Each structure stands twice: as C-alpha cells, then as structure tokens.
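S.K.: One-letter residues, chain by chain:
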Amino acid sequence: MAQIDIRNVQKFFGHLQVLKDLNLTIKDGEFVVMLGQSGGGKTTALRAIAGLETVSSGQILIDGVEVQDRKAADRDIAFVFQSFSLYPHMTVRENIAFPLRAVRMNAADRDKAVTEVASTLQISQHLDRKPSALSGGDMQRVAIGRALVRRPQALLMDEPLGVLDAKLREQMRAEIKRLHIARGSTSVYVTHDQIEAMSLADRIVILHDGVLQQVGAPDEVYLHPTNLFVATFVGSPVMNVNGVRIEGNSVMLNDASRGFTFPDPVLAGLSGGAGGITMGVRPEAVLLRHEPAEGYVQAVTTNIEPLGSHDIVDAQVDGAVLRARTESGFVTGEGQTLWVRIDPAQAHFFDTATGLTLRGAN
Amino acid sequence: MAGVRTSREIVSNRIAVVAVFVALAIMLTPIYWIASTAFKPRNLATTIPPTVVFEPTVSPFVKLFTKRSQLREQPSQEEYDAAPWWEKMVFDGGEKVVRNAKTGDVTLSGYGDRFTNSLIISIVSTMLAVSMGTLTAYGFSRFKVAGEDDWLFFILSTRMLPPVVVAIPMFLMYRVVGLNDTHLGLIIDTAFNLSFSVWIMKGFIDEIPREYEEAALVDGYTRMQAFFKVVLPEALTGMAATAVFCFITAWNEYAFALIMTNRNAQTAPPYIPSQVGSGLPDWTVIAAGTLLFLIPVAIFTFLLRNHLLRGMSFGAIRK
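Residue numbers (my numbering), protein chains in the order written: chain A, 1 to 362; chain B, 1 to 319.
Chain A extracted, bound-state conformation (with noise of 0.2 Å):
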C-alpha cells in the first residue's frame, strides 16, 4: 500500500483542458472518493493514476517515486472499471488470475491467491463459471476481486457501482467500505452520486470543470462547503440557495420587503462583491411553525413531498420558495399557511460573483 500524490497535473484533450493544476495527497490506506458531475475532470485524473492516461504536465508520484512516465503495468496498481470489464472467455478463475499470469507466479501460489480473495468476496461458488453466467453483483466481485488478488500499491475504481440497481448498490456500497477496512488498502473512488461519496469517504475530493473545489471529510463538505458548487452538488434535496439583501440584522431573500432576523453577530461584516451576497440554506435549516412566533415569516405551503421518513415543503415566501424538510404528515396540504425561519447556525452565504463561502456555517 502507498501514499500517491499528485503534483500540478494538467492535461489537455486538444484545446479542451480537463485537469487544472490538480494537487491532491492520497495517504497510505486512505479511502478518497472523488466525486463531480460528468465531464469534472475525476474519471480522466483517475485513469491518470492507473497510466491509462497521459498527463500533459505534472507529477504523480505512488510512495515517493514519480511514475507519471511509466506505463501502466509497471506502476503496481489496480483498476475497477465501471462495466466490470471481465473477459468473457475466460472463467472468473481465469479472471481473477489473469494479473497474477503477467507476474508469472507460479500456479500452486495464484491457486491459493485466487481461492483466498474469491472466499473473501464470497464468489468462490462461481470460480468455474463464466462472467456472462453471473448476476451484476457477482460480476462486479469478480472484478474486484481481479483488483485485489495481486495485492497493488493502490485499488482505483471508476463508479463500480453505476450499472448496478439501487439495492444492489447499497448492499455492494457496504461490501466495499468492508473490504476496505479488512484490507486497508489505499483507494481512491470516482462516482457522481453523492450518498456513496458520503457513506465510503475518508475523504471527499470534488472536482467541476477540471478544478480541485474542496477537500475534506463528508461532514466537512457538507457542513462547510467552500463554494456554491460545493454546497449544492452535496446534499439531497438540494441546498436552497437565494439572493439575499442583508440591512441590519435581517436578510431578504431576492427582493421581498420581510426578512429572517439572525442574531449578532452572524451578518456582522457580511459583504459581497459586485454581484451581491448568496444564501445557502439546506432543507433541514429551514424551520416551519404552524403558529405566529418571534423571527418567523409568514409564509404558504405549495408543493410536498411525503418521503416516509420525513416531507419536503416548498414554503413560499414572497417571490421565494425555500424547500423544508419537516416530519412527515406536519402539513398535511397545498395552501396552507405557515411560519418559517432559518437556523442562523445553519447558514451559509457566498459571494455571489465568484461563488466563494464568505462564512462558513458556525
């Protein structure tokens, strides 16, 4: 297992620059997930690691030595490709010892590698069969199993779970943070779906547009995003997000003439650029009433989501609609009046010009 860093990578498709002076440190046996729309940049830096892809400028080092040069079988390290990606004619125990062959180890030695990885991912029933035999689940062991059987520096794996369906995904979520702590191994995660990035992560990484926008662990990306790509591609349902005027203690979303009064001295010395000032609020920091009450703002229910556990409220106020998230079955209709505030604690404001946090939440 080992530590890689990545160095001021750039790398260009034509004209098109998909990585932007990438800096990250992956720790030895840490697991990072970096997570981003499609076309971030977080699939190309991953196949920059493996050696699938050139860098056009930069280092990447595994333990300390630059490897950015090397081809990829000379840089000890794994991959998990999101279509899995067996070789159909070959049996899952060829499969799996396939990398075990290009290290010409001897076979009594692959046998028992193959037997002892195959037991840990619970295949060992399909060693003989055929990879288009198995369920997705199963295919998806394989391939992490083929990953794993040659023991690398590093496991990559490139949203390994895209192609399965939402219960298999959760199940093989679990199975993955399993192996990871059974074995320890350093491994960096692509995915575009934030609950696996939250549920897996040591450490978050989230890349847009081929730039680093914040790392950290879950709850820190998701308490103090950096910026408003940050704050709102984690989190579901969404961060809602407004134009606010701030005048004394009171903020006004867009230009309605009330406003939620927060406490000193959360808006003390908030001032935005040229754009004006941006307040991102998560659904659970917006808080309903059914009565009158002090620092509440009238407001009327228009939409609800009953998701069993809890209800998504779309209150609107003014022009505005803040989305709540409430118990379930706390309103019961559309129309219906209500009170709401928001949790000072729970507010975040940006720069709206430049998208960059101005404060944190406390």
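List time: in silico DSS-like cross-link candidates among lysine-lysine, alpha-carbon distance up to 27 Å:
#, chain 1, residue 1, chain 2, residue 2
1, B, LYS88, B, LYS67
2, A, LYS71, B, LYS229
3, B, LYS229, A, LYS130
In short, the hints are calculated from the structure, not lab data. Quick caveat, the model's predicted, so the values are computed rather than measured.
Put chain B on the given structure of chain A with help from the hints.
M.R.: Chain B only, in chain A's frame:
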C-alpha cells in the same frame, strides 16, 4: 411460442414456410443438377427432357482424373478383360486411358494438381488476408491515425476496379519480376481480399470494448500481450466470419488465375472450363469436377458456422 395462435398468425406462418421452400428449391436446383450430372453416363447428360432416373456411374470421375484419347479401334477382348474396372468404363465410353509408353503408368489429367493449387493458394491467401487485416483493423480502431477515413477509403478502393482491369498491368509487372504462373504471384493477387478483411475486422474490433485492453494493461501486460490474450480471443468470431468470406472469394477467383497462370500454378476455376475443349464437350466430366470443387468451401463454412452466428461475448460487459 406460447399462448393461442390466431388464424392469421397460422396463415402468415404457412406463407413463410412456403416462401422458404421456394427459395430453397431455387437455390438447391443448380446443385442438384450438377450433382446428378456428375453421376450420369455421358449419353444421358444432355437429353431433353432431362433424365431424372438413371443408374449412377462414377465414370465421369474416372475420366476427370485421367488423360484419355479416342479409340481408333475396339480393344481386343484380352486387353479389355485385363483392364481394371475403371478402365473398362473408359473403354465403354469409346475412349482409352493414355499410358506411359515405357512404364505403362496411367497418365493423370491436370485436375488433381489444379485442385491442390486451389487449396494451397486459397488457404495461404485467406490466412494472410485475415491476419494482416486483423492487425490493420486493430491499428485503425485503437490508435489515432492521421487521415484515417482517407486511408480506409483508399484500402477499399483497391477493390473497386474489376479484376480484369488490374490483371493486365499486373501481368506485365509479374512478367518482369518472374511471378507469372507462380503460387506466390496468385497469392498476392488474391490479397485484394485484404481490403474487405480490414473493413470487416474493423467493425468487429470497434465493438470490442477498450476496457478489456485497459484492464489487461493495468493488470501488468504490455499492449502486445493484451492484444493476443484479450483482443484476439474476442475477435475470433469476426475472424472466422472474415475467413469464410475471404476463402470463398479466393477459392472462386477466376480472372487473375486465368491470366496469370497456365500450368504450374493454375487453379481449378480456369481449368474446369478449359476441359470443355473443342468438339463435343463431356458435361459429365465437367460436372464431376465442379462437384468436387464445391466440397472444400462447404466443409470450411460448415466448420465455422457456429462462429458465423455472432454473440459469443454477449452479456459480459454491462453498459
């Protein structure tokens, strides 16, 4: 098909069955004709109306493989009795088998040699076309080639002129370099199959996901090893289909063979019609030669038929 079938389905099904039988009859009739003629005595070969019921004889095959001459006078009874059964058939047809004056060995016709030539040239040419075509197609499929579309069109354009147009200048060039009437010369000629081979194989290889090779690359293999261990097994189906196609084309090649060869390297296609000769042609001999000529292609196609049905790698990659 489960469930109750409507009368309409039954009718359309019957129409389909009838259509298949009609198509089958149209396609099989010439083959039946050749096969039956190959076993007919000469005098029944061209009767009108055609003779359907007859006593089959192998005399056309005997005549096919031997050199014969017209009998000036009937053989003596001793000569006839001493002759083996197949020679009697030739006597019965009013001909005699040509024998070497000194050794008495039977002089063979050219058919066996021509047939062997056909086999050698077709097999070598098919192997070359498929292997080179696969490599070329892989290069075009996986790497950025400057002017790729132009190159591919250029490759295909070698197939666009009728072979006869190409054959004359080729003949002149071959004469200079001494390739006329050689196996190698004809193998090079039939390499025009390469263009189709490249195109067909490119289609197949394009469909093999790159991730297979990438997986092999990170698993510790070189690109060459990845090609042989991962791409090639996946491309086998395509290679088999291409091989059948190339083999049939090479086997049936006529124009080049007619112009470029005359004895040493001549193949069966120009040889068989040359036996029509002057005077009355013996259609039974030609039918026998044609029937034997059909067999290798039929066997080859039959052996590779499973590969022709595609879908071997289906389901191993999820998209």
